[in-house]
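Enquirer: Here is how the chains run, residue by residue.
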Amino acid sequence: MNKDFKLKTALCAIGLATLGSAGFADSGDTLASVKERGEVLCGVHPARHGFAAPNSKGHWDGFEVDYCHAIAAAVFGDADKVRFVALSSQQRFPAIQSGEVDVLVRNVTATLGRDTALGLNFAPPIFYTGTGFLVHADSGVKTVEDLDGATICVAPGSTTERNVAQIFATRGMDYTPVVIENNKQLVDAYVTGRCDALTKDKAALPGVRAYDTENPAEHVLLPGIFSKEPLAAAVRQGDDQWYDLVKWVTYATFNAEELGVTSENAGDMKSSDNVDIQSLLGVTGDYGSKLGVSEDWAYNVITQVGNYAEIYARHFGPGSPVELDRDLNTLWVDGGLLYGFPIK
Amino acid sequence: MTHIDGSDQRGAKPRQTLSTLLYSKSFRTAVTQVVMAAVVIFIGLFLYQNVVENLRAQNIATGFGFLEQTSQFDIGEKMITYSARDSYGRAFVVGLLNTLSVSAAGIFLATLIGFTVGISRISSNWLLSKVATGYVEIVRNIPVILQVIFWSVLLRNLPNARNAVEVYGVGFLTNRGLTFAVPATHPIHSTMGIALVAGIVLAILGSIWARRHRESTGTYVNMLWPSIGLVIGLPVLAWLFGGAPTAISYPVQKGFNFQGGVTISPEFTALLIGIALYASGFIAEIVRAGLQATPKGQIEAARSMGFRPWFVTRYVVLPQALRVIVPPLTSQYVSLIKNSSIAVVVGYPDLVNIGNTVMNQTGQAVEAIAVMMLVYLTISLITSTFMNFYNRLVAIKER
Chain U
1 MNKDFKLKTA
11 LCAIGLATLG
21 SAGFADSGDT
31 LASVKERGEV
41 LCGVHPARHG
51 FAAPNSKGHW
61 DGFEVDYCHA
71 IAAAVFGDAD
81 KVRFVALSSQ
91 QRFPAIQSGE
101 VDVLVRNVTA
111 TLGRDTALGL
121 NFAPPIFYTG
131 TGFLVHADSG
141 VKTVEDLDGA
151 TICVAPGSTT
161 ERNVAQIFAT
171 RGMDYTPVVI
181 ENNKQLVDAY
191 VTGRCDALTK
201 DKAALPGVRA
211 YDTENPAEHV
221 LLPGIFSKEP
231 LAAAVRQGDD
241 QWYDLVKWVT
251 YATFNAEELG
261 VTSENAGDMK
271 SSDNVDIQSL
281 LGVTGDYGSK
291 LGVSEDWAYN
301 VITQVGNYAE
311 IYARHFGPGS
321 PVELDRDLNT
331 LWVDGGLLYG
341 FPIK
Chain F
1 MTHIDGSDQR
11 GAKPRQTLST
21 LLYSKSFRTA
31 VTQVVMAAVV
41 IFIGLFLYQN
51 VVENLRAQNI
61 ATGFGFLEQT
71 SQFDIGEKMI
81 TYSARDSYGR
91 AFVVGLLNTL
101 SVSAAGIFLA
111 TLIGFTVGIS
121 RISSNWLLSK
131 VATGYVEIVR
141 NIPVILQVIF
151 WSVLLRNLPN
161 ARNAVEVYGV
171 GFLTNRGLTF
181 AVPATHPIHS
191 TMGIALVAGI
201 VLAILGSIWA
211 RRHRESTGTY
221 VNMLWPSIGL
231 VIGLPVLAWL
241 FGGAPTAISY
251 PVQKGFNFQG
261 GVTISPEFTA
271 LLIGIALYAS
281 GFIAEIVRAG
291 LQATPKGQIE
301 AARSMGFRPW
311 FVTRYVVLPQ
321 ALRVIVPPLT
331 SQYVSLIKNS
341 SIAVVVGYPD
351 LVNIGNTVMN
361 QTGQAVEAIA
371 VMMLVYLTIS
381 LITSTFMNFY
391 NRLVAIKER
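Protein chains in written order, with my numbering: chain U, 1 to 344; chain F, 1 to 399.
Take these hints with a grain of salt, some might be off.
[Claimed, not checked] EDC-like, lysine to aspartate or glutamate: derived pairs with alpha carbons at most 20 Å apart:
id : chain 1 : residue 1 : chain 2 : residue 2
1  : F       : K78       : U       : D276
2  : U       : K344      : U       : D276
3  : U       : K247      : U       : D286
4  : F       : K296      : U       : D138
5  : F       : K254      : U       : D286
6  : F       : K254      : U       : D276
If you're looking for bench data, these hints aren't it; they were derived computationally from the structure.
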């Protein structure tokens, strides 16, 4: 009896301790907690070549990875103060909602539903793409209209899963989806011929072809883009300071390209007479302290990571395994969609 | 409950005081139980409240209203009509039916293989028993998820549709699955289904009558052939009555896939083989243990009385073995149903696979998980209830 009583007391104590510690998840000051922790927790794709994937040295490498570095450079002046958290398409939203990561730069398409029902805020898109199809070259499929009745491999929980339903429905065509979460298994199902086509964001498909197929020449990308997929960094709603920082780091990379500031010449550019360049590099104004970081925040981003053109060229430029035309991802002055709000 | 009843009875005595009540063991037990239950409920409510408040604070949508919204995604395998224009709720039902079909097929296959291997293990044939032992050790000791992936990779590397392997002129084996000819859809098929069910019910009623007859008169009536006649004969009669339609739907390669016939997808097959073989290893051991639980003396005694071997098995060994077999078999069935959620890995659209997609499209993780948990709990409880009912049928009856 006595022993039993002790056990129950212990259980009660555990119960009370749980109550004490459960509390409410902190939705407030992300920037302060990032600074206190000493690193940015950045949610990235586990293996999307060009965007985010571990390289041969075991370091994270890719376009989106560089945006994580850019945020760290703005906060700490040190681009390496990032911890990467690889997230599947299913894990990504709970991870950002629960505070497991500070920012999600993981091929997330900005949509109204996610902005509202998921409690997210989207920074300006860093990459504009759309649904694409990869097919076997010997199948004779030339356009998406040839895919009537085909079996399509698609990842679950993606906007692509909905797009493919819409693309086939609007054309009055049938298809059978094969939905596999694990990317390796998904690509393998396509490569072995279980599926006639693999559908993903068009920007992701060259990486699949280059890295995941034995003979890249046996696979072709269908022409055309079949949906709007603005890929953007996502943060939790309700923390405007952190949202502002992520947003302006993005704009800084656009503006740096527009103003001709590169990682090479940023030091010399500090003595430029152009007031836009001076504001960007923290020579005039107190824009850094307005964001809650040091005045040379953008200077650190540009010198340590680069402007948009440099980041793009590093991962998708000529000579890279995943070569992609800049297409819509050019500055507004060149007819593209990248339009950095003025730092004023 | 009995404790509380006890204290009530004592409470009826006239000389009951507060102190005797406090020192009454049954009263204290009751109070402790009530307090513990209250604490558990309180913690549960607190956690629920915490989740709701947090979701609201983070502006994340809550509630089950999403179940009625249009899903906007397609599902590859479905037993009821479903399109991207249907609701999330219907998508869940499609997933549930897929889970049930793979589980039912899995339970059937696992039981069949499990009993065969279990009986082989105690066979006097050295080779047979060693092969059975080896089989059990292999399928039991490899994680079920690896087995499912193994079968999935194996099936994926079958020839593609253009180099299909023809199976005896009635089907094709490809990495898109097994496609085979089936009788073309005819209205008489549903009548035949009803006739089959009626045949099974009549056969069961017949065997009950035969047992009563034997117990009251001592005359043994063999119901084996009449039963088979009822189960097979009634559907055949229905078929003849319907004009004996013989049209067959043959699979023909057209476009990307086969048209006509029926296709069993490689995802379904891989998952089915994986979970069924895994469970069959455990079932084989349960069956072996059950069969060995019957004392050898009883079997020898029955034989010495001149009973035929199958009679000994049916009336001496099995009734005792089933008592040992059924309870652990129930937990194997329940765990097989739960193992079917591995479908996510190979891409079979079961409840969890579709639940994951719903969760991601709506962002309502808590609700989607709650739906999935509730459904699995219900399926498992129904399975246990049914098996417990069966267990009572075979258990020792005190007369």
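Enquirer: If you test the structure against every hint from before, which numbers come out violated?
Expert: Structure breaks hints 1, 4, 5 and 6.
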